[in-house]
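**Student:** Sequence:
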Amino acid sequence: MCFSFSLQGTGLWLLRINVLAAALIVLITLSSCGLQEISREGEGHRPDRLLNVPFYPQTDYQCGPSSLSSIYAYWGSPVAPSVIASELKSHTHRGTLTIDLYIHAKKRGYRVSQSEGTLKELVGLIKQGIPVIVMLDRGIGFFQKNHFVVLVGYNSKGVFAHDGQEKNRFIPVDEFKKQWQRAGNWMLVIRPR
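Counting from 1, position 118 in the sequence shown corresponds to residue 117 in numbering that gives the first Met the number 0; the numbering is continuous, with no gaps.
In case anyone wonders, no lab produced these hints; they're calculated from the structure.
Here the structure is a predicted model, which is why all the values come from computation and not from measurement.
One or more of the hints may lead you astray.
As the list claims (entries may be wrong) - Using C-beta positions, here's what the derived DEER-type ranges look like:
(1) Val82 / Arg181: 24 to 32 Å
(2) Glu115 / Val172: 27 to 35 Å
(3) Val82 / Gln164: 32 to 40 Å
(4) Val82 / Lys119: 29 to 37 Å
(5) Arg181 / Tyr60: 29 to 37 Å
(6) Ser81 / Lys176: 14 to 22 Å
(7) Glu86 / Lys156: 33 to 41 Å
(8) Pro46 / Glu86: 31 to 39 Å
(9) Ser81 / Arg45: 17 to 25 Å
(10) Arg93 / Gly140: 30 to 38 Å
(11) Phe142 / Gly163: 12 to 20 Å
To be verified - With a cut-off of at most 30 Å between alpha-carbon atoms, the simulated DSSO-like pairs for lysine-lysine come out as follows:
(12) Lys166 / Lys119
(13) Lys156 / Lys106
(14) Lys166 / Lys176
(15) Lys156 / Lys166
(16) Lys119 / Lys177
(17) Lys106 / Lys126
(18) Lys144 / Lys177
(19) Lys144 / Lys119
(20) Lys156 / Lys144
(21) Lys119 / Lys105
(22) Lys119 / Lys106
(23) Lys176 / Lys126
(24) Lys156 / Lys105
(25) Lys144 / Lys106
(26) Lys144 / Lys166
(27) Lys126 / Lys177
(28) Lys176 / Lys144
(29) Lys156 / Lys119
From the three backbone atoms N, C-alpha and C, an ideal C-beta is built for every residue, glycine too.
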């Protein structure tokens, strides 16, 4: 048996390999996106409890005001996120501070408590019909990327949250616990007086 190698077709051969590699990358990317959508809608993601909390999609750096709007509307006193944002003192910080959410709700006459919580407490509050604002850290390594969401439901595999532009987003329990722990397990409970 004899093998021969020719440089004459090398350019075409490399072009074919590059095209195949690019096609493979696109196929893998599309496949993983499709799998993610299937898993979000899958059987394991039906809530055991899901509160009917109004949803206000957030604009840039306005997850705090959007979260407060959802809670206020749930308790029967809707306030637009833009109104809340204009009332908060820290809106120039490209976001909202936890203390600002607390003070804003207090000034509106709500019973408010913030604490370092547990998953058991969160589930207990949702069982009682009380949605909870939590802060998640979605950063990488030492880089923080804090974000407020409103927990509105749960099941044995995770929690459901109003999250940015997505209503009732399912977050797997391991992902949620990791992001919540990085943010100090901070939670804000707002109830009417």
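**Student:** Next, verify each hint and record whether it holds.
**Tutor:** Status of each hint after checking the structure:
As the Cβ distance of valine 82 to arginine 181 is approximately 31 Å, the hint placing it in 24 to 32 Å holds. The beta-carbon spacing between glutamate 115 and valine 172, approximately 18 Å, falls outside the hinted interval of 27 to 35 Å. For valine 82 paired with glutamine 164, a C-beta distance near 20 Å fails the hint of 32 to 40 Å. For the hinted restraint 29 to 37 Å between valine 82 and lysine 119, the CB-CB distance of approximately 35 Å keeps it satisfied.
Between arginine 181 and tyrosine 60 the Cβ separation comes to about 19 Å, which falls outside the hinted range of 29 to 37 Å. For the pair serine 81 and lysine 176, the supplied restraint of 14 to 22 Å is violated, since their beta-carbon distance comes to about 33 Å. For the hinted restraint 33 to 41 Å between glutamate 86 and lysine 156, the CB-CB distance of approximately 38 Å keeps it satisfied. For proline 46 and glutamate 86, the Cβ-Cβ distance of about 32 Å falls inside the hinted range of 31 to 39 Å, so the restraint holds.
Under the hint 17 to 25 Å, the C-beta atoms of serine 81 and arginine 45, about 34 Å apart, miss the expected range. The hint said 30 to 38 Å for the Cβ distance between arginine 93 and glycine 140, and at roughly 20 Å that hint is violated. The beta-carbon spacing between phenylalanine 142 and glycine 163, approximately 18 Å, falls within the hinted interval of 12 to 20 Å. A threshold of 30 Å between alpha carbons decides the hint, and for lysine 166 with lysine 119 the separation of about 23 Å falls inside it, so the pair holds.
The straight-line distance between the Cα atoms of lysine 156 and lysine 106 is roughly 36 Å, outside the 30 Å bound, and the hint therefore fails. Between lysine 166 and lysine 176 the CA atoms are separated by roughly 20 Å; this keeps the pair inside 30 Å, and the hint holds. For the given pair, lysine 156 sits about 18 Å from lysine 166 by alpha-carbon distance, which is consistent with the 30 Å threshold. Simply put, lysine 119 and lysine 177 have alpha-carbon atoms about 15 Å apart, close enough for the 30 Å limit, and the pair holds.
Restraint check for lysine 106 and lysine 126: the C-alpha separation of about 27 Å stays at or below 30 Å, so the hint holds. With a C-alpha separation of about 13 Å, the suggested pair lysine 144 and lysine 177 falls inside the 30 Å cut-off, and the hint holds. In summary, the hint linking lysine 144 to lysine 119 is supported, as the alpha carbons are separated by about 25 Å, within the 30 Å threshold. For a cut-off of 30 Å, the pair hint linking lysine 156 to lysine 144 stands: about 24 Å separates their Cα positions.
Distance check on the hinted pair: lysine 119 and lysine 105 sit about 25 Å apart at the alpha-carbon level, within 30 Å; holds. With a CA separation close to 29 Å, the supplied pair lysine 119 and lysine 106 stays within the 30 Å bound. Among the hinted pairs, lysine 176 with lysine 126 is consistent with the structure: their alpha-carbon atoms are about 19 Å apart, no more than 30 Å. Of the pairs offered as hints, the one joining lysine 156 and lysine 105 is violated, with about 33 Å between alpha carbons and a cut-off of 30 Å exceeded.
At most 30 Å may separate the alpha-carbon atoms for a hinted pair to count; lysine 144 and lysine 106 meet this at roughly 28 Å. Note on lysine 144 and lysine 166: the hinted pairing holds, with a Cα-Cα distance of about 20 Å set against a maximum of 30 Å. For the proposed pair lysine 126 and lysine 177, the alpha carbon gap of about 22 Å is at most 30 Å, so the pair holds. With a C-alpha separation of about 15 Å, the suggested pairing of lysine 176 with lysine 144 holds against the 30 Å cut-off.
With a C-alpha separation of about 13 Å, the suggested pairing of lysine 156 with lysine 119 holds against the 30 Å cut-off.
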